[in-house]
Amino acid sequence: MTFSAPIPWWWLLLLPVLWWLARPAPPRAQVLTPHFAQWQAALAALRRHPVRANTARLWLLILALVAVVVAAGRPFLPGGEGARRLVVVLDGSASMAARVPDGGSAWERAQVSLRDALSAVPPHVDVTVLRAGGPLLRRHGASARALQDLGAPNGSLGLDLEALAVAAVAVPHTAVWTLTDGQGQTALPTVGALTRFDTRGDNASLLAVRLVDRWPLPELGIEADVALHGAGPARVRVRVEGAVAGSLQAELELAPRATSTASFTAARTAAGGELRVVVELPGDVLAADDAWTALLPPLPTPRLCWLADAQAGPFAAVAASALAAEVGGTVVPPGAAEVGFLLVDGGRAALVPGQARALVFGSATPGSGDVFAWPSPTVVDWDRTGPLTAGLDLSELRVQQAWRGVLPAGTPFLWADDGAGREPLAVVAGRGDVASVHFAFRLQDSNLPLLAAFPQLLRRAFVHCHGAGVAPRVLGAAPAAGEQELHDAASGDDRPLPPFAEPDHDVTAWCLLAALLLLALRTSVR
Amino acid sequence: MPPPFPPAFESLLHTLLGRSRDVASARDDQRRARRAVLSQSGTFVGHRPYVRGDDPRRIDWAACARTGGFFVKQLEQEERRSTALLLDLSPSLGCGETPRRVWQLRVAAVLGGLALLHLDGVSVLAPGAGDAEVRAFAGARALPALLRHLQSLPFVVVEPSHAIARAMQEHLPARVHWLSDFADPAAVARPLQALRRGGIAVTGWLPEVPADRDPAVAGYVRVVDPCSGNELAVPIDAALRTELRAQLATLATRQDRLFLQAGAPLVRWLVPAVDDTSVGPWAPLVARGSA
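Quick note, the sequences are listed as chains P and W, same order. Under my numbering, the first residue of the first sequence is numbered 1, with each subsequent residue one higher. Under my numbering, the first residue of the second sequence is numbered 527, with each subsequent residue one higher.
The following block holds chain W by itself, in its conformation from the complex (with noise of 0.2 angstroms):
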């Protein structure tokens, strides 16, 4: 795997998060003021009424004797001013001559940039990564550390579930990037749903590779998964190819409808080619992360 944070990146990192300081902060204050993240903890604002998915911990039980109905209590989030990126450590992201991995962790950088810079800390979440499970970080000179801990992260298979049970057990701050391949739609629903009944803001962050759309490979070739260690010997034609190409699109579809089910946005950023050092390509990244 090449370098996730070549000087190259480096460089186009802190030219990304000088720009971010432009677009963001202007409308930083105003936003944070009226932000209102649903949280157990807060100030109490108001009541609403139960709705499915919401936790029944948050039913005010004294409000349901007095009304006969269900309501949960609405608190106003205090300013906590942080935001965790979870990582999924999965081999899957290790596929491809440029792997997602590289690109995810670049997308980490610059969303864990952008929190250093803007708000008050960044907690890396990455779980199997052992000792290095949790790591907090804060203040904008945390930013080489930052790095050279996303750099440090090993390829660990652990079911989606799990992980996110492991960081729901952390007090997580109310949004989280989860960044992933969310190859297993199906693995992803339950922890989206436990994520959402936490009063926890998730956005998924997909680097999008070429190979989601279209495997450019042609002939007699044996296909890995890289997590199961699961082979096929396949000779692959263009109606296979064809075939495939309709198999990937209709998983992205499952991805797009699950993250929508779950009230979540997924970003899908396809990729630069990875020697491209322009801003452009990561304008909208950074944009929307420091949204």
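Here chain P stands alone, though its shape is the one from the complex (with noise of 0.2 angstroms):
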């Protein structure tokens, strides 16, 4: 017999103190009596009995105490030889997705089984599934036994399933239970039942796909990895489809094991939407890895609008045009209703930086404190990695005058160094989807407009304005390293699940009514 909670155990401490409870009462007076014989006789044939600790009925009281302290415990007979736990190893790697041969995936063949299997278990039987690959699951209980948001098989079976099948059988009266298609697998486990589905098959998967974005033009550069998993060459046909202008495709004669890149020029749509890769291949098994999806967020048609001081010149102007030019916009006069980007040169402007998508040229803000003039600077460096000025040539770049003060708080890519150590000539201010440019010298004082960078670093501070919002954003993940390749899954005989143990026989009734019996024989003896 064991206990479910033996904690109530620490109660039999009560025993002594209970035998202390029941000793007679001491008396308080003594007698020394030569007499003793008569004292016994006169007791004796008044058929009365010295008082004593009545050894018969304080046992039967333990005895009763014992019991209830036992059903406390709550006692159970074991129900004999047999697992009572079943733990169910799951594999949920992107490959149980594949075909098998009888129809449907593996997956979905998996959980028929399972559903199966686990109406037949018995209800005292601890179950707990365990999903591997790709996010690790644990239910138990009547999760477990409901298959309870196992989700969809994907990412890559990082386990060694012959492992954890072996930890699971080392727990005493544990069966293991493992349901795999033996992909990414030297061998499977052999302890425990076994369910191995046949996904052996040709396969195709699109490994990646590169995006070469030209927004907010419409030009979008798309390069596709395809990989044949296969027993023999065989040919893929690669479509491009979504919010590009037009279906592009393109065929690759692809060896085993082979890997090759499917490169499109297409046209984005102005609406932007869903832009689908698809790979094709007569007889894949595997379709989740055929696919690749990714949003492509709207064109802008961008009003733009130019601001400049009496003594500007045609620079911001011009700017704005050949900037209209670039992203396909159109320039829109001051006190236009809407304006999408502001170029502004000289003079003070009335934006708040970081938060209106603005190009400034020398221009102060409402934040500036006092500006003073900054005669020929001296540029020295600008940054080489960022999004704004990477592979441009600014080398050539000369400031006549620049001003101190009209540079708010932001991120500085371009410096000048007059001796007394480097100073931004030029920051970005603000995050996220809106931003703006700010540069310390007007246009007219400097030879920027001049520059072959000009045009580039125009339209790269329009995208940069315009933050991230405009990238296209990829839906759903990468192929699972190591799932595509399912003729080298490992192979094996299943086998059933063993026999489970008979229910526990709960005996704490049998000790309450124990404890009633020794109570109700303690009141009959005397």
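In case anyone wonders, no lab produced these hints; they're calculated from the structure. Treat each hint with caution, since some may be false.
Claimed, not checked - Covered, in the sense of this in silico footprint (three residues per stretch, anywhere, with C-beta under 8 angstroms from a C-beta of chain W), are these stretches of chain P:
#, region
1, 43-56
2, 346-357
To be verified - Chain W stretches covered by chain P per the calculated footprint, using a threshold of three residues with CB under 8 angstroms from any CB of chain P:
#, region
3, 617-624
4, 639-645
5, 761-769
Keep in mind it's a predicted model, so treat the numbers as computed, not measured. A virtual CB, placed ideally from N, CA and C, is assigned to each residue, including glycine.
Dock chain to chain to rebuild the complex, using the hints, since each chain is given by itself in its own frame.
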């Protein structure tokens, strides 16, 4: 007999207290007598007994207490040999989404097998389902029997199923059942029950897709890496569809275990939407790695506006026109109802840095302090890695005059040095989807408009001011590594579940009944 | 236990001994002259038929051969003029507010004093007392020594049969005063018969305390046997007291019957109050002791 809750055994420490309480009260008076025999004879004549601890009653009370304490420990008799706990190791890796010969995916077949088997598992058996592969999930009890929220097959199987099974059966009275396709394993578990799903077959997979985005222009470059996991050479068709003009496709002749790249040049649709790259192979058993999807934002139709002070010259207007031509927008006059991008040259601009998309040259903003002239600053460096100036040549930049105090707080990307240390000449203010780019000099006070990098700088400033929201967003995860080659799955024979133990017999009620009987018997003992 | 011989008692003892001289001396010589106490030593005075209880060693086999019947020799005791006090040192005599032991020692003092005064000496037998088991005193001047000896005796648990066997090893005089509570009559019967077979005249002295008739206790008490250490926790009510009085009366009857069957007198002497120094309660005892 074992106990589910042995903690109440501590109550047995009350037994000495019980014994002490059951003792008769000692007489306070004592009489020494030579007639002890006469006292005994008198008691016997009256059929009386001296007051003494009634051992039988005490023992009955102690036994009753012990029975109650045992009952509180929830005793039960083990139901015999056999497993009392079932651990199901369910392979949830991406390869389990592959079709099996008799229809459906291995994942669906595994769940059907599990439901059928678990419905026959006795209710007293503890069931735990471990999903291995992808996110490691653990379901226990009713959730396990209902296969609740196990998700879809994805990810790699980074576990050694053999080690997992061995660890599970190391716990006494535990049976383990592994359901897998054998993909990604050198050998199948040798302990416990085993159900293997045959997913062997040809598979073409889309390993990676790279986009060359020319936003806000519609041009879009697409490169798709395709691999073939098959028994022989095959032709794989790659299609691009969705948020691009027309349907693009290419066919690749691939050898087994070979990878090739298909390149496309597409034109994005102005409305944006999902862009899908799909590979097609006749008889492909694993469709989950055949498609790649990204969400393309709509193309902008920016309304550009320029502002310049009286001495600014024509540079702002020319720059605005050039930028409009670069990004496909239009130049609207100052005071227009909607302006998507503002280009300011000199003077004082009524905008809050970082909260409006703007390119500002030598303009003070409401947050600027005192402005001082900064004659002939020497441009010494620019950010070689940032998105604004990476790859641009600004070495010929000359500034006749800049203004100290016009730059707001932000991230500098252009510096001057007049011998007193580096000092920013340009900063980016703001984060997220709205930012503004500020220069400490006007266009007319430098040769920046004359540099070859100026148009590119204008376009990059426009893109940068729109933040990351204009970047394509890839939907879904990359295909799991090592889950595509379905011909190399480990093989083995299925093994059935072992028999389970009979349910335990709860003897709590019997203990309580024994306690009551002992107390009843005690009432009749004098 | 209170001192057995306080000055008041010693004064009373001298008074009692002085009175005994007047009472007993006149009769002493004539009684001593005609007293013939059976003894194994003395002058042969004739035969008598053997009766149950006689010592077989005293059978005169020559007379038996001549007559065909069993006869024992009858010897006249030589004038040994001594007596013995056989004291029970059992712890049961220590019970009570004024223990029976106090009265036992006082009775022994009176009897011993009378012997010192009127006889040649007295032997005090205290089985179990170790070196003080046997002590002889002679002459009236030995009275203080007798008192000191009595006062020094301990409490010892000794079975009566063992005590008598030990006493029989000594050369007992023909007369023995056995002072005890005789709480277990069954244990006393065999020693009494042994003394009788030894030709020793035994007188039992039982200082009777009030608790021998009515144990004046009430409530929930623990009753303890001082000899065995056994104890009982007893709630006392009227019925139990009544039954206990009946049992004590039965005990007294058994004691009396036992001594009667042994041909020995049992003197019950109702003890006076502990601070009673009058001569009256002691007069019967003195008269009996002088007889």
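Checked hints:
Proximity of the region 43-56 of chain P to chain W, defined as three or more residues with a beta carbon under 8 angstroms from a beta carbon of that chain, is established by the 7 residues found. With 0 residues having a Cβ less than 8 angstroms from any Cβ of chain W, the region 346-357 of chain P misses the three-residue criterion, and the hint is violated. Requiring three or more residues with a Cβ within less than 8 angstroms of a Cβ of chain P, the coverage given for the region 617-624 of chain W holds, as 5 such residues are present. Counting residues of the region 639-645 of chain W whose beta-carbon sits less than 8 angstroms from any beta-carbon of chain P gives 0, not enough to reach three: the coverage restraint is violated.
Given as covered by chain P, the region 761-769 of chain W passes the check, having 4 residues with a CB less than 8 angstroms from a CB of that chain where 3 are the minimum.
In terms of the numbered hints stated before, the structure departs from hints 2, 4, listed from lowest to highest.
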